[in-house]
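K.L.:
Next come the chains, spelled out residue by residue.
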Amino acid sequence: MKSPFAISTPVFTRPMLLMFVVLGTFPLWGTSVGLYNYLGVEIIIWIIYALGFNLLLGYTGLPSFGHGAYFGIGAYAYSLCQLNVFESVWAGILLGAFAGGVAAGLAACFLSHRRGIYFALMTIAFGQVFWFIAIKWHTLTGGEDGLLNVYRGTLSLGPVDVSLKSNEALFYFAFAVLVVITLLLWRIVHSPYGKALQAIRMSEMRAGFVGYNVWLMKWSVFTLSGVIAGLAGSIFAIAQESAYPDVMSLHASGFIVMMTLIGGGFVSFWGPVIGAIIFFVARDFLGSLTETWLLWYGLMFMAVMLFKPEGIAGVWQDFMKKQKAKSAATPTSQTPKNSVAGE
Amino acid sequence: MAFFEAKHLQKRFGDQVVLEDITLSFEAGQLSGIMGPNGAGKSTCFNVLTGQYKPDGGTVHFDGQDITGLPPRKISGMGIARSFQIMTLFDEFSAIDNIMIALRNTVTRAFNPLYDLPGDTTTMDRAADVLAKVGLKGRELEQAINLPYGERRALEIGVALASEPRLLFLDEPTQGLGVDGTARLADLILELKETYSIVIIEHDMKFLFRLADKISVIHWGQVITEGSPEDLRANEWVQASQLGEVA
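Read top to bottom, the protein sequences are chains A and B. Just so we're aligned, residue 1 is where the first sequence starts under the numbering used here, counting upward by one. Just so we're aligned, residue 1001 is where the second sequence starts under the numbering used here, counting upward by one.
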């Protein structure tokens, strides 16, 4: 007999397909509502970055305030590969992801036995160290100017080569990467690993006593999110045709935290997606009205944290719960609140 | 050698000696109790035995193997589980997920991303069985934080049971329970006693005297006496202290 409590994890879900359809068709409708393809590229890059970041923040409850470092290192690795080694998009992004992972893995060796405020402070320290290296190591990174004239390159797909020169082509490439990353992360968070990460968030001590190697789990999740940040960073380098230290700074690292929180990364897998979209739409929309758009964005962030710390996804979940309670004759108090999986 | 044996354990925090010289042994198939007044070092002793603290001296052996100073996850892997005095549940998980995440089967597959944990019938059935064992049948989908206090206490034990321990440590399981709750918990522990070797630290002497086969009394960081409940009732020191009165 099938256990009444076993619910298999679907490979695709409705919110996932919705995201794929809406974002995947962006070049078809984006321009007609006044948006542009490059914005789509940026949004996709930051969604990838934010999804990986949320594995750390939302799932494991580990606040990293220096994550821009791994994003930036990915961008540098990609650019260095194109400029000095050989021009291959695939090699570049693999190297970018690898470099992000190595740097994050290195930092995680010193972070993984920490928690709470000490963990947070250490992530800032490491972020600053990497950022400082990027600024000062002129011969490798080009200092504050960064590495310029990185070719957009050609993507070889077996028999065909696709030029990434146009933003549209780059968009579809980034979107394909996003699809892969989404499916991968969705699988991971529903595996024992993902569940154990959440268990660590709720009680690190108990997770250890139950038998989990908490140190290794924290190390590996930090490294994994560094890999994804590095991957996103290398696509960013393609988009920007350059790599520069600005994205590694403390305030750039703060953006990813804000996106993840506004969207509702603590209560939903899709929180970071919503957050990244809101950030860029706000930047363009508010930015067209006022130069001080960040002030307004910051105030919005504060309002969300004060009144609905679960973010936009939290508002949506409350709304759906109310709808469900209305439609059901008997209130369904038995419905479990799914901690973070957010279907 | 006994099933579980600690010899000459010492533990200091700074210049404060909490465990002076503790020698304890627990037999398989028995329920052993540890009692003692507040500040006697019971909890520290428990934390040293289960790996939360490393002892400054002495040895701990479990089933013939030296486990002195091993981290909790290793000790857990060898078949020792514990519950906590201050409830330590995975609050946002449902009751059944609290058990599911603690099952040995899940822990050993922690790094297998292809395993669909929530969809595994065998795992979920096993988790439901453990919940039923601690009297939480029908509460599977309730979020842990929303369970009433007594049921949270039961779930606390359930999480420990999930790892299929050979030796179960319970840290003040009656903490905060009323008379009814304590009576129900005693029944549950009597049932568990059939299958598990158990060690309990307890404040509630009546509770412990009813359940235990053997009780060790800790005071001033030492084991001052041990024996069956009957022995202890006859013991001069226990009679002289308040501990005897309640018993």
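One thing to keep in mind: the hints can contain errors.
As the list claims (entries may be wrong) - Calculated cross-link-like contacts (lysine to any residue; reagent style SDA-like; alpha-carbon spacing at most 20 Å): (1) B:Lys-1133 <-> A:Ser-3; (2) B:Lys-1074 <-> B:Gly-1064; (3) A:Lys-321 <-> B:Glu-1142.
Don't read these hints as lab results, they were simulated from the structure.
K.L.:
Determine for every hint whether it applies to the structure shown.
P.N.:
These are the hints, each one checked on the structure:
no.: 1; hint: B:Lys-1133 <-> A:Ser-3; in the structure: holds, 17 Å
no.: 2; hint: B:Lys-1074 <-> B:Gly-1064; in the structure: holds, 15 Å
no.: 3; hint: A:Lys-321 <-> B:Glu-1142; in the structure: holds, 16 Å
Checked against the numbered hints above, the structure violates none of them.
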